[in-house]
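Given chain A's structure and the hints, the job is docking chain B onto it.
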Amino acid sequence: MLLKKYICAVSVFIVIIFSLPDVTMALLNDKKQGKWSLIGKAKTQATFRTIDTPDNNQIPIEGGEMISQRNLLMLEFRHDLGELFFGIRSEYYLQGRAFYDGAWDYGPDVFSDAETRRKYVLDNEHEINELEDDIELFMGYIDLTSGPLFARVGRQVISWGEMSTKRILDGINPLDTSSLAVDLLERLVPLDMLRINLLAENVGPFSSLGIDFYYVPGHLEDTIGEDIIDGSPVQPPIGRDLVEYLDDPYSLTSLKQVMTIFDDDIDSDRYGFKFGMMIGDLELNYVNYRTYSDIPVPRINIEKFEDVYLDVLTLLPLLTSGGSMIEAMLDGQKLEVVLETERIDVSGLSFNYYFAPFDMVIRGEAALYEDVPKITPGNVWDLIEGVAPKVHIDFMGDMYDLAEFLEHPLIGPIIQDALGDVRTMELPFTVGDIARYDVLKYGIGFDKNVSCFLNPSAEFMLTFEYVGSKIRDYDERTIIYPWQGENGETLYEPEYTHDFIMLVRTTYFDRQLTPQLVVMYEGKPNALIFIPSLALTMGQWDFECSFFYTASDSYEQEGFLESRDEFSVSMTYNF
Amino acid sequence: MKISIKLFAFAMLMVVLSAGWAFADVAPGDVIDKTNVQKIEGLVPGYIVKWVKAGDMTMKIGKLDYHPMDNLQPAFQDKSNVGRYKIIEHNGLMDVKENKKHPHPHDVKGFPFPEVDTSDPTAPVQMMYNFNFHEYGTWPLHFNDFWLLVSRDGKVKTFEIEAYRIVFDKKATYDHGDVSRFKQPFNYAGTGSLVCNYIDPLKDGLRFVYSPLIRRVKRMSHRLPGSESNFDVYVTPDNAWGGGPRTDIENGRYKFIREQTALVPYLGKKPVTAVKNKNGGYETGFRGTGNKVAIGFEVPGWKGAPWHPDGVIWVKRPVYVIEVTSVNSNYRWGPSEGWIEKDTFAAIFKSNTDVNGNPWTGMYWVRQAFKSDDGKYQDLHFAVQVIVDLKSDKGSVFPNSRREGGFRTVWIKNVQKNLFTRAGFVKFTR
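Line by line, the protein sequences are chains A and B. Using the numbering used here, the letters of the first sequence correspond one by one to residues 575 to 1149. Using the numbering used here, the letters of the second sequence correspond one by one to residues 381 to 810.
Derived from the structure by calculation, the hints contain no laboratory data. Cβ coordinates follow ideal geometry from the N, Cα and C atoms, glycine included. No false leads were mixed into what you were given.
Some residues of chain A that are not near chain B, with every Cβ distance over 10 Å (derived):
| hint | residue |
| --- | --- |
| 1 | GLU710 |
| 2 | LYS948 |
| 3 | PRO1068 |
Estimated spans, in silico, between C-beta atoms of each pair:
| hint | chain 1 | residue 1 | chain 2 | residue 2 | range |
| --- | --- | --- | --- | --- | --- |
| 4 | B | HIS486 | A | TYR1048 | 56 to 62 Å |
| 5 | B | ASN738 | A | PRO634 | 52 to 58 Å |
| 6 | A | ASN1100 | B | ASN738 | 44 to 50 Å |
| 7 | B | ASN738 | A | ASP919 | 57 to 63 Å |
In isolation and in its complexed conformation, chain A is listed as follows (with noise of 0.2 Å):
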């Protein structure tokens, strides 16, 4: 059946390409009068990890090993309506995708063999059967536009902002993180809205005015991301679950099995709008939208538990045999964790300025992101105290909640020596309230062409990016990341992060061959990212490479990415 599915993904993958005349055009056009056309690529990728993965990695993933295969073909056809009615131009575009991801079939056993997975508590090949391959319509709209008025009508993508790598404004859409692998085209999800501008040219001393407005309507559109497998390569290290943990009841694996793990209700409209102008060399644009929070917040929902009625003689026997007093007093019940995205508000500036001296532009952009949900540190006593008082126990014929059970002079102190260490043992789930905070980003950066020795032929694009934040009215250690340290501990995020970026990419050979450098560096704690990577353009064909490679002193922040160092590799047909 594997075999199957990797032969079939790649006979079409052949069939396709080798099919195609010499003489390459659209695969379908409109020959007489050129209103619309079929086109497409066809891409297969390969990535591995070139280092082992530590053990604060949900899976180990040893130095060599493929992590992803993913097979992507894109189709697209858009088609010029002209002029409909009343003077109103149409023009409507439909993309659809289809991928396969192999890694899942035919990778390392830890990915692909469902026995070796359970040794890791992730009994999930339904999800992995689901979520390997899709084909879907990913985008699909239809412009209408009359004079002043521009309306975008369906599944689209909105970006706003200036940073080449870090999102600040750009927060409409949200991001594709279920792979590493994922195309540049597939990183923003598209989703279903409204879009309509508003325009003026030459007003007073604006070369440009417009009003670019969206509304995302919640009970239509309910994605906040892709779904991600459990036990992704792409997970960030939240530490590694075993199968002989479930032996002690009070592990955090064996709390895991008494939670069933939900996304929370996304029904609320989206919506927001851009007023930009031109004066002069200077764009500027303020910006104002509702999104929802792109990390989740996971949290106990405790309003969910229902009241549990115990007989302390069901507790008793698990005092002396080592069992889970925790797993008793749910009785059954299974705790609902909710992964809360809240709706947050956006505000905030861009601004573009070609700076004629230095013949290079300067960008930068700020946001304020109002009421961001964090995770909060907690431990297990939280998670107890909440379930608490509705954990109703009959000692000696009186019913006592849990809160005054565990205070009983009598067996309140032999049930809390039995929990043991409960109440230090943090938990990477909310209980209760979730915090809030606001957030300021800020970046800056210049683009500036320049000549090198190194390539006489063509010039040297050169990015220079600088992004920060800051978390107000923050105190030190409140707010935890949802992944570990090399060592199990938690993390804390920091009150001020600080980015620089540097891009550098030439061409040679007639543009065929263009090599290129990201840099980033982190300050405090010190990470540094170096993805090289060089693009291979031959006729309708592209072959890229890449490495990706970190070094940091500390898993916070970019530091995580420490054992995740990869090489990838990919061709893509066009057509």
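Same frame as chain A, but now just chain B:
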């Protein structure tokens, strides 16, 4: 005896010279290939002679049924601008009559320099302005063009691009603008650009590029380094005419070389009928006219390099030869040589060298005339451009709208002017 020897030597010299003169000339009906290539020496640039010698190119000498000047728009046949304009500092233009620097394109009717005095050191710059203003005279324009990158073995990479061009109203910030977007191949499809420029060389224009990969409109320097090829093919502003830097005009240094007779390529002996569409514009591309040009790789039995177009006739016409360099240290070309048709100021040939002066690219423009039945539109524009990379031995061919699916509508009505603004450019993104 001594006299008779001298007479004999003189007679022999005359024979040789006359034979030479006879060889270096052509007549309609001649077919020039490697067997008689000496006939075109001096009439075309050296790289063309090399291509013919190598069997890459065959030239059919012909004669037009019309005079090119007679098919230009009437304003460009008019000579009343003689003496009205002059070239000023930084290769700028001045209207002497109105005492106004950098006149708006709408104010310059026809060629600003209908007669160029080649003894004037600014003569090549005058030719540049003539070329530019003729180009503006064709706008507003909406076209769907094809660019082909052809390898020696006939493999072709096809680019399709849709674009609008306008000359702005006088009250507008900029003087003229372009918006364009790639429609194929897939890896470039959706890439769009908005470019607005001034006539004043010292005023910086505007350039925004939309990249579908980052789904973002990005501000770019409006000045291009010139020599770089775009998207594998040599489509750069500087390769769209016979002179020097077009986005960095003030840094061009021009030199007039000579005036001579040359063989100039044309497509068809007669003007093609431009078709008036229902919106009042004129169609000159495949859509509307069926006007199509076949390229060597698709012509059965084609002999020669696969990037040369079929159906070209070469006619004798007067040309100017100029040389240009850029003083911008970022410019990646060495000296370029351009051949400009004398009366129409159209680019005919251009060769570029690298910074070390080694030959890099050689190109030629094939021209075609159009005339509408109602007599209101007539013009002469380039039909096909061929650029050969002399280093990598591959050709870029631009048959423009003369391919199936191509169109070119000139003088379009009801142009969406806001499309040429930063806010309006969003319509061209996805």
